[in-house]
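Participant: Residue-level listing of the chains:
There are 2 protein chains.
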Amino acid sequence: MSDARVKFVLDEPEIPTHWVNLMADLPGDAPPPLHPGTKQPAGPEDLSPIFPMALILQEVSTEPEIEIPEPVWEAYRLWRPTPLYRALRLERELDTPARIYYKYEGGSPPGSHKPNTAVAQAYENAAAGTRKLTTETGAGQWGSALAFACRLFGLECEVWMVGSSYDQKPYRRSMMESWGAVVHRSPSDVTEAGRSQREHTTGSLGIAISEAVEVAARNPDTNYSLGSVLNHVLLHQTVIGQEALAQMAMAGEEPDTVIACVGGGSNFGGLTLPFLRRVMREGAGTRFIAAEPAACPTLTRGVYAYDFGDTVGLTPLMPMYTLGHNFVPPPVHAGGLRYHGDSPLVCGLVKQGLVEPRAYRQNETFEAAVRFARAEGIIPAPEPAHAIRAVIEEAEVARESGEARVILFGLCGHGHFDLSAYDAYLAGKLPDPEFSEGELSAALASLPEAPALA
Amino acid sequence: MSDARVKFVLDEPEIPTHWVNLMADLPGDAPPPLHPGTKQPAGPEDLSPIFPMALILQEVSTEPEIEIPEPVWEAYRLWRPTPLYRALRLERELDTPARIYYKYEGGSPPGSHKPNTAVAQAYENAAAGTRKLTTETGAGQWGSALAFACRLFGLECEVWMVGSSYDQKPYRRSMMESWGAVVHRSPSDVTEAGRSQREHTTGSLGIAISEAVEVAARNPDTNYSLGSVLNHVLLHQTVIGQEALAQMAMAGEEPDTVIACVGGGSNFGGLTLPFLRRVMREGAGTRFIAAEPAACPTLTRGVYAYDFGDTVGLTPLMPMYTLGHNFVPPPVHAGGLRYHGDSPLVCGLVKQGLVEPRAYRQNETFEAAVRFARAEGIIPAPEPAHAIRAVIEEAEVARESGEARVILFGLCGHGHFDLSAYDAYLAGKLPDPEFSEGELSAALASLPEAPALA
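Chains as they are written, first to last, in our numbering: chain A, 1 to 454; chain B, 1001 to 1454.
Hints listed in this document are in silico derivations from the structure and should not be mistaken for laboratory results.
Keep in mind that the hints are not guaranteed to be accurate.
Some residues of chain A that are not near chain B, with every Cβ distance over 10 Å (derived) [unchecked claim]:
#	residue
1	64
2	89
3	110
4	156
5	219
6	373
7	376
8	402
9	423
10	432
Derived contacts from chain A toward chain B, CB cut-off under 10 Å, selection only [to be verified]:
#	residue
11	81
12	152
13	379
14	418
We put the CB at the ideal spot given by N, CA and C, even for glycine.
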């Protein structure tokens, strides 16, 4: 195996200088977000109470590329470019003719891809004179990233952490505090939204978003920052896919299949959008697989409709696959994937058939994660373990058919703060929670009234 | 700041192909290890019950360079070469004219420099037909590295983890188990050594070594693996310093001062030995600073004498600075530095005045660590926080004197498993334990009878 390389590294000057905006390449107009009160298309002014104008303009931009501001590029240098690996040892373990590559984002200080957008958002807010950013966090990856980014750009940071994750991952809280952030368990007593959802003791991303948005909306010097879902967040993450394109070229390979996990869509979009643009422009035959948890099966069981981004109904209505904004998923460890909706951009691609969604149970994803860790060394976070599960399935198909397919997947974070879940899995005590069909039906029945989507 | 680079990366083919053996360059003969019973120089055959011959030959080699076996080099590719960073943001925060660089080893799967030797030891044992390796671990860095390495080379792994660290860092245990190792809390009930030390409930590295050596010595198919102290361990770690030499050259810089923390000496030796060889051969004016905990001040308060490497007295007598093999340091979080002795090679360099030791208290090291984390992002392990404390001191001296000194230090691991200590520090509740002068005197009074050292 020594003649094959396992690591493809770029040099600092090769960090991308632009973000890729797939909106420019999409056929037709995307359905717009709607104002939650009037149900009319939401304009930039509707978002200005909680976002700086520079990010709003990115959100609605139709330019194909947007230049990365120099202070953001300089912050990227702290951990970018990130490595692309060939998983030679996993291939051998799976006895597959498939060649498996992964783009690893876990080497950033917060341990995931999240700072790619956190530093961009913190910079634009600092430039606009914002004093504090509020946000929600599930597993803690996003809250850590924003705490880190706020420290780099001199902003205060206040985080609402989903209750179940707050209890499972105390060291994620310590990490955020080490960078100077204030962290609340959600639902909290410090917001009206939190007090109204007290009965949901394990919390959800939707509830935590309501809390953070409420505080940002009522304080003029405070803005809100979202770690996924929105166009500008996926835009910032396209540095991942652009680097991966260059690194796959270094490896002399063309991926047949690109796989990533999906929660709100930022990791999935960050890796795949630059590849998808190439497919749209050049007609390459690449397949795209979005892996999600069976406990929160937005893309595989949700309906394509307008819905609120949060539980309480403070955000614009967004066109997306949704399980209903009242849906509270069971407390799986992949906290970053416990979201009732999904990026409208990614949902549109699923709707068009360009992206194939798959759902996996918690225990089968941990089985895949341990298999990966024992072959490749890196212990994955529970979120990308969903992607690894899909990779193993594809590698097994390749073995059956004898095809030397090229698979690329996103390893968006390490699992250093998830070892209690590994502990439970190895002891045979990891639960495999299912959502209640009755609760899903009830949540889907309470979608807001809005125009139907084609 | 955008014109200065912050990251210096090497490509996969630039991973060193040889280890640097400073023994070849030392003037005169180093005092030999002594058999614990006869007090005569210990030969290869005295070590063969617990080490494979290939490692014993490395231990006593006087060749200036030793080729890295191909399977070890291939394993290195999973995380090497490691990056060298310029700490531009820390320099700005310290308002110093000093230029500060750090070699970061925390990106390896176990999160420290330890796998550099773990994979080499696992490979040589696997090649010699060993079935299982036993070892001790303090903070868990070494145990994790050996668990990872054993998995790569198909060996079983059994780890005795120092009691205080076992209690402070449960996720380090989970990490070792994720890679398939068996982990005991030391002192344990499964060895005679452990049962004899039951009253030392927090444990120590010396006790844990006794336990692991005992099991290896009584089982023919089982060997012991040590994560520091010995010549062959420091030898394997010289990949760090060799890469750093190349990267400092990329940066166009010559370090005036090289700083690393010292527990058993493997991190310190790994970074500094290639630089020290250059000093010896070319007479460069580089200073070397070894940072250790005031709670376990081997180099600053120990005596230079023959002593056992472990508490019970199973190992050869080694010529080193020692606090006495019975000394049990207070349970500081820098578990990797809680060792009564130190590498004979590093001790010899201190004795010759080539290396300057300094000791720091726990709270001042965490203050330095938080300052570093808030400037540079990476949250350091408590061990390299000692080096960071020394770096900040040196940077402040440079500020006072207006000298643009170049400082290089070793950031040998991240602190993802040490966040409970950060939590305590940020809450103002981190203890600052001191050792008992009476216990130190008693330990020094019980050194074994042996020839005096010059």
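Participant: For each hint, tell me whether it holds in the structure or not.
Facilitator: Checked hints:
1. 64: holds, 25 Å
2. 89: Since the minimum Cβ distance to chain B is about 8 Å, residue 89 of chain A lies within 10 Å and the statement is violated.
3. 110: The claim breaks: residue 110 of chain A does not keep its Cβ more than 10 Å from every Cβ of chain B (closest is about 8 Å).
4. 156: Residue 156 of chain A clear of chain B: closest Cβ-Cβ about 13 Å, beyond 10 Å.
5. 219: holds, 24 Å
6. 373: violated, 6 Å
7. 376: violated, 7 Å
8. 402: holds, 27 Å
9. 423: About 4 Å separates residue 423 of chain A from the closest Cβ of chain B, which leaves it inside 10 Å; violated.
10. 432: Consistent with the label, residue 432 of chain A stays out of reach of chain B, its closest Cβ about 19 Å off (over 10 Å).
11. 81: At 8 Å from the nearest chain B Cβ, residue 81 of chain A passes the 10 Å test, so the hint holds.
12. 152: Since chain B brings a Cβ to about 7 Å from residue 152 of chain A, closer than 10 Å, the hint holds.
13. 379: holds, 6 Å
14. 418: holds, 9 Å
Checked against the numbered hints listed earlier, the structure breaks hints 2, 3, 6, 7, 9; every other hint is satisfied.
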